[in-house]
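Listed here are the chains, written in short residue letters.
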Amino acid sequence: MNSTWSRFNITSIVLGFAFLYLPIVLLIIFSFNESKLVTVWGGFSTKWYVSLFHNQGLMDATWVTARVGVISATVATVLGTLAAITLTRYTRFRGRVLFSGMVFAPLVMPEVITGLSLLLLFVAVGLDRGFFTVTLAHITFTMCFVAVVVQSRLVSFDRSLEEAAMDLGAPPVKTFFQITLPVILPAIISGWMLAFTLSLDDLVIASFTSGPGATTLPMKIYSQVRLGVTPEINAACTILIAVVAIGVIIASIANKRREIQRQLDEQAAQRG
Amino acid sequence: MKSLGSIRRDFAPWNDPNAKPYIQFDKVTKKFGDFTAVNNLSLTIFEREFFALLGASGCGKSTLLRMLAGFEEPTAGRILLDGQDLRGIPPYKRPVNMMFQSYALFPHMTVEKNIAFGLKQEGMPGPDIEKRVAEMLKLVKLEQFAKRKPHQLSGGQRQRVALARSVAKRPKVLLLDEPLGALDKKLREETQFELMDLQQELGLTFVVVTHDQEEAMTMADRIAIMDKGEVMQVATPAEIYEAPTSRFVAHFVGNVNMFEGKVAEHTANATRITGATGAQIVVDNGGNAAAGSDIVFAIRPEKIKVSSKKPADAVNALEGEVYDVAYLGDMTVFHIRLDDGQIVRASALNASRVTEDPLTWNDRAWVSFRPDAGVVLTR
Numbered sequence: 001m002n003s004t005w006s007r008f009n010i011t012s013i014v015l016g017f018a019f020l021y022l023p024i025v026l027l028i029i030f031s032f033n034e035s036k037l038v039t040v041w042g043g044f045s046t047k048w049y050v051s052l053f054h055n056q057g058l059m060d061a062t063w064v065t066a067r068v069g070v071i072s073a074t075v076a077t078v079l080g081t082l083a084a085i086t087l088t089r090y091t092r093f094r095g096r097v098l099f100s101g102m103v104f105a106p107l108v109m110p111e112v113i114t115g116l117s118l119l120l121l122f123v124a125v126g127l128d129r130g131f132f133t134v135t136l137a138h139i140t141f142t143m144c145f146v147a148v149v150v151q152s153r154l155v156s157f158d159r160s161l162e163e164a165a166m167d168l169g170a171p172p173v174k175t176f177f178q179i180t181l182p183v184i185l186p187a188i189i190s191g192w193m194l195a196f197t198l199s200l201d202d203l204v205i206a207s208f209t210s211g212p213g214a215t216t217l218p219m220k221i222y223s224q225v226r227l228g229v230t231p232e233i234n235a236a237c238t239i240l241i242a243v244v245a246i247g248v249i250i251a252s253i254a255n256k257r258r259e260i261q262r263q264l265d266e267q268a269a270q271r272g
Numbered sequence: 001m002k003s004l005g006s007i008r009r010d011f012a013p014w015n016d017p018n019a020k021p022y023i024q025f026d027k028v029t030k031k032f033g034d035f036t037a038v039n040n041l042s043l044t045i046f047e048r049e050f051f052a053l054l055g056a057s058g059c060g061k062s063t064l065l066r067m068l069a070g071f072e073e074p075t076a077g078r079i080l081l082d083g084q085d086l087r088g089i090p091p092y093k094r095p096v097n098m099m100f101q102s103y104a105l106f107p108h109m110t111v112e113k114n115i116a117f118g119l120k121q122e123g124m125p126g127p128d129i130e131k132r133v134a135e136m137l138k139l140v141k142l143e144q145f146a147k148r149k150p151h152q153l154s155g156g157q158r159q160r161v162a163l164a165r166s167v168a169k170r171p172k173v174l175l176l177d178e179p180l181g182a183l184d185k186k187l188r189e190e191t192q193f194e195l196m197d198l199q200q201e202l203g204l205t206f207v208v209v210t211h212d213q214e215e216a217m218t219m220a221d222r223i224a225i226m227d228k229g230e231v232m233q234v235a236t237p238a239e240i241y242e243a244p245t246s247r248f249v250a251h252f253v254g255n256v257n258m259f260e261g262k263v264a265e266h267t268a269n270a271t272r273i274t275g276a277t278g279a280q281i282v283v284d285n286g287g288n289a290a291a292g293s294d295i296v297f298a299i300r301p302e303k304i305k306v307s308s309k310k311p312a313d314a315v316n317a318l319e320g321e322v323y324d325v326a327y328l329g330d331m332t333v334f335h336i337r338l339d340d341g342q343i344v345r346a347s348a349l350n351a352s353r354v355t356e357d358p359l360t361w362n363d364r365a366w367v368s369f370r371p372d373a374g375v376v377l378t379r
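Chains A and B supply the protein sequences, listed in that same order. Read left to right, the first sequence gives residues 1 to 272 (UniProt numbering). Read left to right, the second sequence gives residues 1 to 379 (UniProt numbering).
Keep in mind that the hints were calculated from the coordinates and are not lab data. We put the CB at the ideal spot given by N, CA and C, even for glycine. Treat the hints with care, as some may be off.
[Claimed, not checked] The calculated SDA-like cross-link candidates involving lysine to any residue, where the alpha carbons are at most 20 Å apart (straight line), are: (1) B:K149 / A:E162; (2) B:K120 / A:E163; (3) B:K120 / A:E259; (4) A:K174 / B:Q121; (5) B:K147 / A:P182; (6) B:K113 / A:A269.
[Unchecked claim] Residues from chain B that keep clear of chain A, each with C-beta distances beyond 12 Å, as calculated: (7) D10; (8) D227; (9) M331; (10) D357.
Please model the complete structure; the sequences and the hints are all you need to start from.
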């Protein structure tokens with residue numbers, strides 16, 4: 001492998017990262033802009049962050065988003081896990097292929113179609129659009145992501161663990177809660193986090209299925225931007241980016257430490 | 001007193017017509033779709049026996065074990081344990097425990113929690129569990145590893161945790177699925193003897209599944225040789241080796257030379273065999289085969305003597321040429337091409353450091369053996 005830094009390598013890396021991160025960096029810089037004009041630098045200030053916390057509309061939207069995210073991610077995780085278990089364990093029921101295809105279809109379904117069809121459904125059954133419907137919609141489209149994540153873990157799950165538990169006297173339900181669930185828990189947690197993130201940044205489906213009093217943060221930001229970008233929005237987005245970045249960094253550090261610990265343990269075990 | 005093999009057996013309930021069988025497979029058949037894994041199989045195992053199921057992969061031995069544990073139900077036939085029909089009893093209610101090939105240790109539990117798992121399911125009180133767990137850890141010499149998780153243990157230690165966990169409940173029967181399969185050769189040999197000691201100490205009935213004949217020969221009281229879902233022979237290791245009842249068993253265990261032939265005639269206390277290629281062999285245990293019938297004469301390599309001159313007193317002596325020699329240290333293996341074209345494998349123990357009669361490639365040589373050295377197989 002050629003590991004020298006040629007001019008071509010450096011250029012392509014700089015261009016690539018600039019393409020990915022320049023917009024975000026600009027957004028963060030301008031969130032600290034003194035000036036009210038978004039694109040003109042008027043000195044450093046944190047005043048937009050202060051005013052952000054006094055913007056009742058944005059704060060309400062944040063609260064709605066958090067609640068929708070937590071509830072929908074939790075319900076989607078339960079349903080998605082059940083679907084994953086059914087699809088990996090009961091492989092011989094009639095219509096399994098159709099069923100598994102249907103669970104995973106929303107992965108590739110355009111969001112506009114999902115949103116529109118959910119809207120039609122809610123109107124048809126006479127459900128008032130609001131907090132309940134947007135949560136329901138988010139459960140629907142995030143469930144399949146959870147199912148995919150959990151299913152991939154279950155495929156590599158050693159069934160003899162469950163047999164060993166039953167052999168030692170644990171009935172099936174106890175076996176599930178004491179053995180299966182703890183072992184696949186990391187996959188379930190990452191499924192939950194994925195569902196939560198997807199719910200957090202969904203705009204399209206929420207626009208279709210939300211109603212008065214249940215405006216999510218992405219909807220709020222989008223509607224404000226249409227009236228003109230304010231530095232306040234930049235500040236809100238910077239905070240969102242910070243939250244996501246910190247989450248990702250914590251997750252990867254924890255992962256890395258676990259990995260290192262595991263390697264040390266294995267070396268120790270080999271030594272006796 | 002003469003005996004097959006070099007070990008005298010005091011424990012032999014299978015020879016006692018009044019002994020009560022402990023585990024009984026009664027005409028058991030198991031089908032997976034069109035595939036018949038176990039075919040109309042009957043087998044009896046006695047209490048405190050160390051019983052081995054030996055066969056190549058896919059012969060149905062693991063299916064047999066899984067049916068005993070309750071993970072599979074027989075398609076037809078009955079399995080009885082201590083007189084009780086096991087049909088319909090789920091695995092978590094059977095008084096048998098299994099040690100899995102993959103060990104199946106619970107990765108999220110420490111060693112002591114793994115061992116305590118079965119006892120907790122029983123509803124054993126806490127202090128008793130602690131006592132039993134400590135006892136088990138001592139038994140497998142893992143006291144200082146109690147708080148470790150499975151991934152912090154070496155392969156041999158994991159194997160011992162799996163063993164401790166499966167005997168912690170004091171099951172009536174312990175099932176072992178390839179218990180030593182994942183260990184390296186040296187550790188495997190040590191562990192074989194540990195397992196035998198453990199079985200003696202706890203007085204349990206062991207049923208072990210293995211594809212390793214040496215392992216089965218070392219550990220088991222009796223071995224069932226399986227092929228294609230059927231039992232070919234059930235006998236002690238010495239009987240399996242010295243008195244196989246079929247070509248399959250003779251071939252499967254150890255090395256063997258086979259002479260195709262016909263029974264020429266029975267005399268008062270001997271049988272004369274004419275080999276297909278002309279060799280004349282006299283045996284004293286060929287009485288079961290009718291005169292004129294097609295048979296196979298099977299003889300183990302170590303029972304054949306190789307010499308440069310025809311031994312004066314030999315009943316059976318065949319002439320040939322040294323085709324191959326392999327010096328292995330403890331013994332030397334000769335491949336002799338007989339004058340009729342058949343190649344005979346003979347092994348000689350190197351009992352002294354110097355040899356009076358050294359042979360090398362292309363030397364003329366004689367192979368000779370006693371009339372009781374081989375067996376006559378009719379199937």
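Now the hints, each set against the structure:
no., hint, in the structure
1, B:K149 / A:E162, "holds, 18 Å"
2, B:K120 / A:E163, "holds, 16 Å"
3, B:K120 / A:E259, "violated, 32 Å"
4, A:K174 / B:Q121, "holds, 9 Å"
5, B:K147 / A:P182, "holds, 18 Å"
6, B:K113 / A:A269, "holds, 19 Å"
7, D10, "holds, 33 Å"
8, D227, "holds, 25 Å"
9, M331, "holds, 35 Å"
10, D357, "holds, 49 Å"
In summary, the one numbered hint that this structure violates is 3.
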